[in-house]
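Chain by chain, the residues run as shown.
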Amino acid sequence: MARLRGLAFKLLQLLAVLIIAGTASFGVLRLLPGDPAVALLGENATPEAVQALHQQLLLDRPLPVQYYHWVVNVLQGDLGDSARNGQPVLDAILNRLPVSIELMILAQVIALLIAIPLGVYGAYRAGGPVDRTTSVVAFGFISIPDFVLGIVLIFVVALKWGLAPATGWVPLSESLLGNLQSVILPAVTLAIGQVALYQRILRSDVIATLQEDFIGLARTKGLGTMYLLFRHALRPSSVSLVTLAGVNIGRLIGGAVVVEVLFALPGVGQLMVQSLSSRDYLMVQGVVLCIAVAYVVVNAAVDLLYRVIDPRVRTAR
Amino acid sequence: MAVQTEVAAPRLGFRVPGFARRHGFVYAFALAWLVIVVAAAALADLLPLPDPTAQDYAYVRSGPSGAHWLGTDSLGRDILSRIVHGARVSLIVAALALLLGLTIGLVLGLIAGYFRGFVETAIVTLADSMLAFPALVFLMVLTGVAGQSLTNVVVGLGVIYVPTFVRLARANTLVFAQREFVLAARAGGARSGRIIRRDILPNVAVPVFSYSFVIVAHLIVAEGTLSFLGLGIPPPRPSWGAMIAEGRQDMADYPHVVLLPAAVLFLTVLCMNIVGDRFRERLDIRESAV
Chain A
902 MARLRGLAFK LLQLLAVLII AGTASFGVLR LLPGDPAVAL LGENATPEAV QALHQQLLLD
962 RPLPVQYYHW VVNVLQGDLG DSARNGQPVL DAILNRLPVS IELMILAQVI ALLIAIPLGV
1022 YGAYRAGGPV DRTTSVVAFG FISIPDFVLG IVLIFVVALK WGLAPATGWV PLSESLLGNL
1082 QSVILPAVTL AIGQVALYQR ILRSDVIATL QEDFIGLART KGLGTMYLLF RHALRPSSVS
1142 LVTLAGVNIG RLIGGAVVVE VLFALPGVGQ LMVQSLSSRD YLMVQGVVLC IAVAYVVVNA
1202 AVDLLYRVID PRVRTAR
Chain B
1499 MAVQTEVAAP RLGFRVPGFA RRHGFVYAFA LAWLVIVVAA AALADLLPLP DPTAQDYAYV
1559 RSGPSGAHWL GTDSLGRDIL SRIVHGARVS LIVAALALLL GLTIGLVLGL IAGYFRGFVE
1619 TAIVTLADSM LAFPALVFLM VLTGVAGQSL TNVVVGLGVI YVPTFVRLAR ANTLVFAQRE
1679 FVLAARAGGA RSGRIIRRDI LPNVAVPVFS YSFVIVAHLI VAEGTLSFLG LGIPPPRPSW
1739 GAMIAEGRQD MADYPHVVLL PAAVLFLTVL CMNIVGDRFR ERLDIRESAV
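Each protein sequence line maps, in turn, to chains A and B. Following the numbering used here, the numbering of the first sequence begins with 902 at its first residue and continues without gaps. Following the numbering used here, the numbering of the second sequence begins with 1499 at its first residue and continues without gaps.
By construction, these hints were calculated from the structure, which means they are not laboratory data. These numbers were taken from a predicted model, which means no experiment stands behind them. A hint or two may mislead.
Stated by the list, open to error - Using 20 Å as the maximum straight-line C-alpha spacing, the simulated SDA-like pairs for lysine to any residue come out as follows:
hint	chain 1	residue 1	chain 2	residue 2
1	A	Lys911	A	Leu1206
2	A	Lys911	A	Tyr1207
3	A	Lys911	A	Ala1201
4	A	Lys911	A	Val1148
5	A	Lys911	B	Gln1553
6	A	Lys911	B	Glu1618
7	A	Lys911	B	Ala1669
8	A	Lys1061	B	Asp1748
9	A	Lys1061	B	Pro1753
10	A	Lys1061	B	Tyr1752
11	A	Lys1061	B	His1754
12	A	Lys911	A	Val1209
13	A	Lys911	A	Ile921
14	A	Lys911	B	Ala1620
15	A	Lys911	A	Ile1108
Stated by the list, open to error - Using C-beta positions, here's what the derived DEER-type ranges look like:
hint	chain 1	residue 1	chain 2	residue 2	range
16	B	Arg1696	A	Asn996	33 to 39 Å
17	A	Gly1028	B	Phe1616	46 to 52 Å
18	A	Ala950	B	Val1558	42 to 48 Å
19	A	Leu995	B	Leu1765	41 to 47 Å
20	B	Phe1616	A	Leu976	23 to 29 Å
21	B	Ala1761	A	Asn986	56 to 62 Å
22	B	Val1533	A	Gln1175	56 to 62 Å
23	A	Val972	B	Arg1614	30 to 36 Å
24	B	Gly1728	A	Trp1062	50 to 56 Å
25	B	Phe1523	A	Asn986	54 to 60 Å
26	A	Leu905	B	Ile1534	55 to 61 Å
Yeah, the Cβ is synthetic: ideal placement off N, Cα and C, and Gly gets one too.
Can you make the complete structure from the sequences, with help from the hints?
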């Protein structure tokens, strides 16, 4: 019963987060100076056209009325239409989402594939040559800003070696190879910094786990090192890693703005920046809501995952 | 921490400076670089450098020369001078934003961790909402409403890091609020405000401060990213991120215009991380505390 109440409380809190973030996106955009209708139609628009657009976008109504309309529509699953091209906001987001998600998945896979073996082995032979080398390299990786790494990769891999296009996006439906070529540099750009973070946090947790009694027991049973490390030590050591990866996944579903802008990828992040600069209020509100939903869902999922990874958490709370 | 014992100097044929011998070359180098960057930023106006905004049309996109040690950019401006003046922007923004985020976050975290209950729920939910709200929308709106200026960049970045400090401060406050000395203070009739200020704050401040170097490294990157996106300090004032963005068009032909500020930015963040990591280790905080 207490657990159920805790869960309900957590859900309420996440709902509050959604409401606050959504309302903030509505309120904050209205603070922007300038008339969005003028921004959309251009400086030379006739007053009649501006007024017509005002009526269409409800901009001539008081703010509470605008807010009420938006909320009622959102609750019915209608995020409104883009003021720029009339496209439904939800469609635009769903069009862009696969790009951001593919980028996110590839970046996470690359990061985890490198970080997990290095982290576990580094902990097993802590202070050894592999561990010390990875620690130094990890510091370097953490310290490269995304946009700097992206620029350097474009310069070296795309411009000097010609191995991948510098910018642009080829959909998966068009060409598998072309798609991979267009997504690999941005994915590596995102992955590099995360490799270092994941490796460091996993290493410190595995070191702690290896001190525990059940590891000694497993060792006396004569289990092989690989089996011991990856079957026995990895799982109880992965709570911090899962948290961190969860936070990153939630963040990246909403688009990696800098990387998407740098590599001209048509993802959610790019959509957000474009809509903000063209004052497409409903579009920005929709994107913010989508990002907040991703954040909330991933946080809830991580919370549940704790119980799966480490059954001790279930009783400890 | 372990007591550092004097190690016999290795026979290298030259004298290893005492500091590097005791703390390691990497750490000594990192500290030295940071001292250089801070000194350059502080003394930028006194150093014998060309004006960072002066355009020398005889040297446009030139490589290193006697007149311009690190060459010039596409407008003929001296790159070394712009890097040095850019250091000032990066450091001022990072330091002030840290101060802002840390102060607000620490106060809110202390209140949430000490009073618990509704206050805590409200503060934690607010912090979560800030994390769920895309930082870039906030920053673009802030610069759109209040204009692009140093103050607004500082305020924007400071506010973005408030939730981080709220979480850190709250987690540590929860631990110390349970301790006997707090109970003793309360039994002695001390009011909540006094207990927070005199008993809990000094204990919580140490682990929270221990993250400041690492956060400053993050903030320098964040300022660079903002300037790169054209949302930072307005031009012509030099900033590392803006220099990198400006040089990007001609990168294929004149890579030094981009790579020099990029290297300085990378090196500064790297050294900040190295020093920050040692700093945190000294204060003996477990990494998983966040």
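These are the hints, each one checked on the structure:
1. A:Lys911 to A:Leu1206: Between A:Lys911 and A:Leu1206 the Cα gap is close to 15 Å, so the pair holds against 20 Å.
2. A:Lys911 to A:Tyr1207: Cα-Cα ~15 Å, so holds.
3. A:Lys911 to A:Ala1201: Roughly 8 Å separates the two Cα atoms, so the pair holds.
4. A:Lys911 to A:Val1148: Distance ~17 Å between A:Lys911 and A:Val1148 Cα, so the pair holds.
5. A:Lys911 to B:Gln1553: Violated - the C-alpha atoms of B:Gln1553 and A:Lys911 are around 59 Å apart, more than 20 Å.
6. A:Lys911 to B:Glu1618: Holds - the C-alpha atoms of B:Glu1618 and A:Lys911 are around 13 Å apart, at most 20 Å.
7. A:Lys911 to B:Ala1669: The hint holds at about 18 Å.
8. A:Lys1061 to B:Asp1748: Holds: A:Lys1061 and B:Asp1748 sit about 14 Å apart, inside 20 Å.
9. A:Lys1061 to B:Pro1753: OK: A:Lys1061 and B:Pro1753 at ~11 Å, within 20 Å.
10. A:Lys1061 to B:Tyr1752: holds, 13 Å
11. A:Lys1061 to B:His1754: holds, 15 Å
12. A:Lys911 to A:Val1209: holds, 18 Å
13. A:Lys911 to A:Ile921: holds, 15 Å
14. A:Lys911 to B:Ala1620: holds, 13 Å
15. A:Lys911 to A:Ile1108: Status violated; Cα separation ~32 Å.
16. B:Arg1696 to A:Asn996: 33 to 39 Å: violated, 57 Å
17. A:Gly1028 to B:Phe1616: 46 to 52 Å: Once the Cβ atoms are compared, 48 Å apart, the range 46 to 52 Å for B:Phe1616 and A:Gly1028 holds.
18. A:Ala950 to B:Val1558: 42 to 48 Å: holds, 45 Å
19. A:Leu995 to B:Leu1765: 41 to 47 Å: For B:Leu1765 against A:Leu995, whose Cβ atoms are near 42 Å apart, the range 41 to 47 Å holds.
20. B:Phe1616 to A:Leu976: 23 to 29 Å: holds, 27 Å
21. B:Ala1761 to A:Asn986: 56 to 62 Å: At 42 Å between Cβs, range violated.
22. B:Val1533 to A:Gln1175: 56 to 62 Å: violated, 43 Å
23. A:Val972 to B:Arg1614: 30 to 36 Å: Holds, at about 32 Å.
24. B:Gly1728 to A:Trp1062: 50 to 56 Å: violated, 29 Å
25. B:Phe1523 to A:Asn986: 54 to 60 Å: Once the Cβ atoms are compared, 58 Å apart, the range 54 to 60 Å for A:Asn986 and B:Phe1523 holds.
26. A:Leu905 to B:Ile1534: 55 to 61 Å: For A:Leu905 and B:Ile1534 the Cβ distance comes to about 59 Å; the hint holds.
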